[in-house]
Amino acid sequence: HVVTIEARKAPLGSTSVQDYTLRHGVDDAMRMSPKWLIVGEVRTGDAAASLFRAQMSDHPGLSTFHAEGPEAMVARMALIMGVDAKIERMNAKDLIAQGIEVLVQVGVPRSGDKRRLIGVWEIQPELKGGNVAFEQLYAFGEKSMKPITRR
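Quick note on numbering: this note's numbering labels position 6 of the sequence shown as 96, and the sequence is numbered without any gaps.
No lab work stands behind these hints, which were simulated from the structure alone. Don't take every hint at face value.
[What the hints assert, rightly or not] Cut-off 35 Å, straight-line C-alpha distance, at most; resulting in silico cross-link-like pairs (DSBU-like, lysine-lysine):
(1) 183 - 125
(2) 183 - 99
(3) 125 - 218
(4) 233 - 125
(5) 125 - 236
(6) 204 - 233
(7) 204 - 183
(8) 233 - 218
(9) 233 - 183
(10) 218 - 176
(11) 236 - 183
(12) 99 - 176
(13) 204 - 125
(14) 125 - 176
(15) 236 - 218
(16) 218 - 183
(17) 204 - 236
(18) 125 - 99
Work out the full structure: start from the sequences and follow the hints.
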């Protein structure tokens, strides 16, 4: 079965009701022993940290995040986790490396005007030289994808 949990702002002027954030939703969903956690879009560092922690405990998850590529995703994700969740950059990178197995980039290639699958990367679970390491499995225009080895 499917359970939908939505974030919501507290009513204007309310002092007794607080915002219900994606972080709260992920934390509450974990108490329901989900088979999958699907977060529409990660926009805050708190939500990202909660989702990655859940994924590190073998709960598969899926989400979207806006960035220009894998390295930009790590930089932006580490930044928002630092600002919103007060997680140090190196710890944020560790959460990303351990929490995300595969990164898929969708975008408009230079050759066209339609969204396409631009690339697929496997994220290595250990940092290399203090950075998140990627193995590209697919690039736009290739006929096939390399197998995912992490699991």
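Structure-based check of each hint:
| no. | hint | result |
| --- | --- | --- |
| 1 | 183 - 125 | holds (25 Å) |
| 2 | 183 - 99 | holds (29 Å) |
| 3 | 125 - 218 | holds (31 Å) |
| 4 | 233 - 125 | holds (32 Å) |
| 5 | 125 - 236 | holds (26 Å) |
| 6 | 204 - 233 | holds (18 Å) |
| 7 | 204 - 183 | holds (32 Å) |
| 8 | 233 - 218 | holds (29 Å) |
| 9 | 233 - 183 | holds (31 Å) |
| 10 | 218 - 176 | holds (23 Å) |
| 11 | 236 - 183 | holds (24 Å) |
| 12 | 99 - 176 | holds (22 Å) |
| 13 | 204 - 125 | holds (33 Å) |
| 14 | 125 - 176 | holds (29 Å) |
| 15 | 236 - 218 | holds (21 Å) |
| 16 | 218 - 183 | holds (11 Å) |
| 17 | 204 - 236 | holds (24 Å) |
| 18 | 125 - 99 | holds (27 Å) |
Violated hints are absent here; each numbered hint is respected by the structure.
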